[in-house]
Every structure is written in structure tokens, then in C-alpha cells.
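Student: With the hints as constraints, model all of the structure from the sequences given.
Chain by chain, the residues run as shown.
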Amino acid sequence: MGSLLSSMTVAAGALRAYERVLDVTENNVANAQTPGYAAQVQTLEAMPLDPSGGLIGGVEAGQIQSERNQYADQQVQQQTTLLGQAQQQVNSLTSLQSLFDISGTSGISVALNNLLDSFSGWAQSPNDAVSQQSVLNDASDLATAFQQTATGLTLAEQDAENGITQTVSTVNSLVGQLQSYNSQIMQGDRGDSGLDAQVHSTLEQLAQYVSFTTLNNPDGTVSLLLNGQTPLLVENQQYQISAGMEQPASPPPVNSNGRPPVEILASDGTDITSATTGGQLGALVNFRDSVLPSFIGDGYQQGQLNQMAQQFADRVNQLLEGGQTTAGAAGAALFTYNASDPTNAAASLAVNPEITADQLAAGDGSSSNGVALALSGLENPTASADEIDGESFTQFYGSMAAQVGDALDTANNDLTVQQSAVAQAKNIQQQMSGVSLDEEATLLIQFQNAYDANARMLTVLDQLVQDTINMLPTS
Amino acid sequence: MERETEDKFTAAGEGAGTLETARAAVEEVAALAVSPAPEVLDRTALLLQSAIACLTAVRDRSGCASDGVGQARELKRIQRAIQTAGALLRKAQQYHSGWSGYLGARTGGYRAGGQPAPLARPSRFWVEG
Numbered sequence: 001m002g003s004l005l006s007s008m009t010v011a012a013g014a015l016r017a018y019e020r021v022l023d024v025t026e027n028n029v030a031n032a033q034t035p036g037y038a039a040q041v042q043t044l045e046a047m048p049l050d051p052s053g054g055l056i057g058g059v060e061a062g063q064i065q066s067e068r069n070q071y072a073d074q075q076v077q078q079q080t081t082l083l084g085q086a087q088q089q090v091n092s093l094t095s096l097q098s099l100f101d102i103s104g105t106s107g108i109s110v111a112l113n114n115l116l117d118s119f120s121g122w123a124q125s126p127n128d129a130v131s132q133q134s135v136l137n138d139a140s141d142l143a144t145a146f147q148q149t150a151t152g153l154t155l156a157e158q159d160a161e162n163g164i165t166q167t168v169s170t171v172n173s174l175v176g177q178l179q180s181y182n183s184q185i186m187q188g189d190r191g192d193s194g195l196d197a198q199v200h201s202t203l204e205q206l207a208q209y210v211s212f213t214t215l216n217n218p219d220g221t222v223s224l225l226l227n228g229q230t231p232l233l234v235e236n237q238q239y240q241i242s243a244g245m246e247q248p249a250s251p252p253p254v255n256s257n258g259r260p261p262v263e264i265l266a267s268d269g270t271d272i273t274s275a276t277t278g279g280q281l282g283a284l285v286n287f288r289d290s291v292l293p294s295f296i297g298d299g300y301q302q303g304q305l306n307q308m309a310q311q312f313a314d315r316v317n318q319l320l321e322g323g324q325t326t327a328g329a330a331g332a333a334l335f336t337y338n339a340s341d342p343t344n345a346a347a348s349l350a351v352n353p354e355i356t357a358d359q360l361a362a363g364d365g366s367s368s369n370g371v372a373l374a375l376s377g378l379e380n381p382t383a384s385a386d387e388i389d390g391e392s393f394t395q396f397y398g399s400m401a402a403q404v405g406d407a408l409d410t411a412n413n414d415l416t417v418q419q420s421a422v423a424q425a426k427n428i429q430q431q432m433s434g435v436s437l438d439e440e441a442t443l444l445i446q447f448q449n450a451y452d453a454n455a456r457m458l459t460v461l462d463q464l465v466q467d468t469i470n471m472l473p474t475s
Numbered sequence: 476m477e478r479e480t481e482d483k484f485t486a487a488g489e490g491a492g493t494l495e496t497a498r499a500a501v502e503e504v505a506a507l508a509v510s511p512a513p514e515v516l517d518r519t520a521l522l523l524q525s526a527i528a529c530l531t532a533v534r535d536r537s538g539c540a541s542d543g544v545g546q547a548r549e550l551k552r553i554q555r556a557i558q559t560a561g562a563l564l565r566k567a568q569q570y571h572s573g574w575s576g577y578l579g580a581r582t583g584g585y586r587a588g589g590q591p592a593p594l595a596r597p598s599r600f601w602v603e604g
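Chain order of the listed sequences is S and H. All the letters of the first sequence, read from the start, carry residue numbers 1 to 475 under our numbering. All the letters of the second sequence, read from the start, carry residue numbers 476 to 604 under our numbering.
No lab work stands behind these hints, which were simulated from the structure alone. Every residue gets a Cβ at the ideal spot worked out from N, C-alpha and C, and that includes glycine. All the given hints hold, so there is nothing to weed out.
When the alpha-carbon atoms are kept at most 25 Å apart in a straight line, the in silico DMTMM-like pairs for lysine to aspartate or glutamate are as follows:
hint	chain 1	residue 1	chain 2	residue 2
1	H	K551	H	E503
2	H	K551	S	D101
3	H	K551	S	D406
4	H	K551	S	D467
5	S	K426	H	D517
6	S	K426	H	E502
7	H	K551	S	D462
8	S	K426	H	E514
Output of the computed footprint for chain H on chain S, the stretches with three or more beta carbons under 8 Å from beta carbons of chain H:
hint	region
9	412-420
10	440-449
11	454-464
Here's a subset of chain H near chain S, in silico, CB distances under 7 Å, partners left out:
hint	residue
12	A520
13	Q546
14	T559
15	Y577
Tutor: Take a look at the structure:
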């Protein structure tokens, strides 16, 4: 009888334990789509068995364990940071590309070609009032195109600054959420799988904005280090970051009116801009402080657009002012710009408001169209004075536009790769979860061999493509 | 005109392997590399091998190629596909070698130089009957 009762007690205990297992499984199924959720496992523990001592054995439910793999989580976060960076680069460069049209239908490219054509037409008929007026009109269009591009770049700069401010605010807000989760964990909610899911979902969101390292503390809380070094969160203490603009004192700026760079500051005021390279924030800072200044200038450089506007205006003015009008008077300058601010040359470029068509000097003393011919020669320069950095003005502009196009092309490729890389990290995370250590060791060795074989073949393939390209006719 | 050029090139390359088939193979490698498993990686190796064979055939014919522009464009697309496939395989390799190091450190500790201990490979044998 005693044996029957013992059996029933053991069976009842087993039923209770398996009911707990079913509850946990049901919860896993219900949360399959919950962001950040990691499957839970109900462990089972054998009860002591010693019939002579009254211990009847059986099974009972033990602790619930999480299947979370911190390494896999970290890999997903790292790839998400790279994805956020690639996405932001594509967004920023797409807006920039629209300012550098090379299709020949709008912008500086077409305006420059039209003006050079007008110079050519004027050289054919230097005294023709229509040809003279055409030069003035096309010069005005070119100045407008430079102004519009400069304005577009300034707007892109402001957009990037707004983007940085918003991203910093989002980062602080997400870290604030994590701080409140840490507080709940410290108050005893450590084993709550829902809270754990919220923490990891928030970490994944944060990863697209900045690069950070997560430290899992023994008490269940997480600490975060921005770029691996600046504390963002330690237990329930948040350290907010901020963004500002300040011109560094050293080295002293060359252009006093150049826009100061954006800087990202840690909560203690330390400048952490140079370390902020990852995620959307890193991409925005790079775009605002490096990419845009290369075109529009800053405290240390004039910017290619301003350089082109100034050198083109100077060369055209120099040729015209050295010539003679039909009436024998000295020529007048065609363009004006703000010479006191090199970073404002493109934005301030305009046709000289004083000039009239008959003040355009076509002759150079020896012929009636020497200057007009020299101006039309700017299209295919033969002298260094007519070039900018060793190129014609048209080529220089083409190179500038190509830089943007190439950078956007690379960014689009990076984005495609990163979208797949995030999916890959999540797939591998799934693949490795629940596999025994023995199986993992065997799998990892198989992986290594397979990667080596693939890598060798990719190298051969890459070389083959290059060889074939080299063999093609160059025309 | 461009389409015509591409068609001409495809026709010229048919038979012993074309750039399009090489590209399709490399693009499939990139798609497969999103979910790498040992058996998938065996397949990617075979696909890369077939791409190498196609390209070798194309290269051997290229000396008399008249359509340099169409061919160059297609080769650039292959280069891009190789970059994507290569990047994904590299990332997966980094993932697994990092995981291998992590497991090695957890099971065997660290070596004197601070590197994780190599992951012990379990010995097994099967008896079937």
C-alpha cells in the first residue's frame, strides 16, 4: 500500500513538473515574435531516492534558464551598428548627389558648358550685341547655379546637424529606458523574461545609432560603454552625451568664417567626437565634419566648390580686364564674389552689377577677338593658368561629382552587404542555439575548413575577373 | 543599342560558359552565405568552382572579344557580386572563429600569451550494425 501511495506521489510530482515545462514552452511559443525575447528552458531535477530512509525519488521543476547567447547578441548588435552607419551614409550621399548633376540637364555642369559655348560664339562675332548679351546671360546662369549648389550644401549641413541632435537625443532616451530596466532588475525582477526581452530589444535599437560595448553585471544589470570607453550607463546611473559646435583653438583656423565642426561630448564634457565613428551618429558626424567641408569648406579648407567658383571667376576677370572693348576702353570684370571669405565664394558669386554688354572686352590689342578666343579656350586648356589643379574647369567639376557618385555607389554596396550581414548574424544565432558543446566543436572545425576552401576560390575568381578586365580592348 | 550589345555578347559567350552564368553562381553564393551551415558552404564552394570554370572559358576567348564595353560592364557586376559574397563569408568566418575562441576560453581557459585555448575536438566513432 505504502508503495502504491509513493508511486502516486511521485507521479503527481512528475505531472506538476511537466506542467511547468508546458507552461514555459507555451510562453516561448507566445513570445516567438517578441523583439529581444530569448527562449526559456525549464530545468528538471531528480529528487533523492532512498526508500529505506523515506525518500521516494521522482522529479521536480528546477530553475528556469534563458537560452540567451551573449556572444550571438553582441554579433547581431555589431552588424546592426554597421547597418545603421551604411543606411545613414546612403541617405546623406543621396541628398548630396542631387546637387551635383552630371547629366548635362541642370546645375553647374550645364551652365558652365553654356557659358563656354557663348564665349566661343562671341569669339566668332566679337562686336555682335546678341553674342555679348548671351555671354552676360549665361554668366548669370552659372553664378546662380553655383549659388544654388552652395545653398544646397548649406542646407545639407543643417540637416546633418539636426540629424546629429536628434540622434543624440534618441541615444539618451534609449539609455534612459535601459536605466529604468536596470532599476527594476536591482529591485528584484532579475528573472523576468519579459524584462529581459525589453532590455535586449532596446539594446538592438540602440545599436543602429551608436557603437557600444555591453557589460553584463553579476547582479543582472547591464552597463554600456560608448565606443568601448565612454560610460553611458552603469547600474542605475545614466551618463548623457550631448552635441555642440565649437572651433578648436589648435590648430588655429585659416578661414575665420568657416563653420566650426560638430563635436560629441561625454557627460563630463570630454570631446569624444573622434571616437564616435559607428552607427547612424558616426555616419552623420563624418558627413557633417569631413564630407561636406571638402566641398563647402570649413575653418581649415576652402572647399572644392568655392575653390572652383573663385578660380574660374578670377581667370575670366583677369582675361577680360586685360583686354579692350570695341570702343578701345579697358575691359570690365564679369564676376564678383566675397573675396574676404574664401568659404563663401560660390554662395556669393554673381555677375558684376556694373557691367554692360558693350564693356565686355573681346580684343587683346593684337586682334579683335583675342580675349574671347582665350575665354573659349578654357574648355580645352593648354596653359596651367587656365586649369584648376591640373584639370580643365569642366573636368574638375566632373571629378567633384564623380567623388559623390562613387561614394554613393560604395555606400549602396555596403548597405546591401550589411542588410544581409544582419540577417546572417541572426540566422547563425538561431543555428547555434540549443546545440551541444561537442557538436559545436565539430561544427566549428567543419566551418573553418569550408571557409578556407571558399576563401581560396574567391581569391582565384577575383584574380580571374581582373585578368579578363585587363585583357579587354581599352576603347 | 546597349541592349543589342549585351545580347551580342551573351550569344558570343554561349556554350563554354558566359559571364552571366558566372555572375549568377557568385550571386547565389552571396544568397546562401546569409544562412551558412557546413553543407551550405560545401555548395558555395561548388558554385564558386563553376564560376571559376565559366570565367576561365570567357578569359580564354577574350583575346578576340570585340565588345569590350558590354563585357567590362558585366565583369564589374561580377566584381561587385564577389565583394558581397566575400564580405558575407568573411563575416560568417569571423563569427564562427570568435565563437570558437569564446568556447575555447570557457572550456580550456587562456594560454600564457592571453589567447584563448584551442577548442578541443571531441573524438568519436560510430558503430553501426
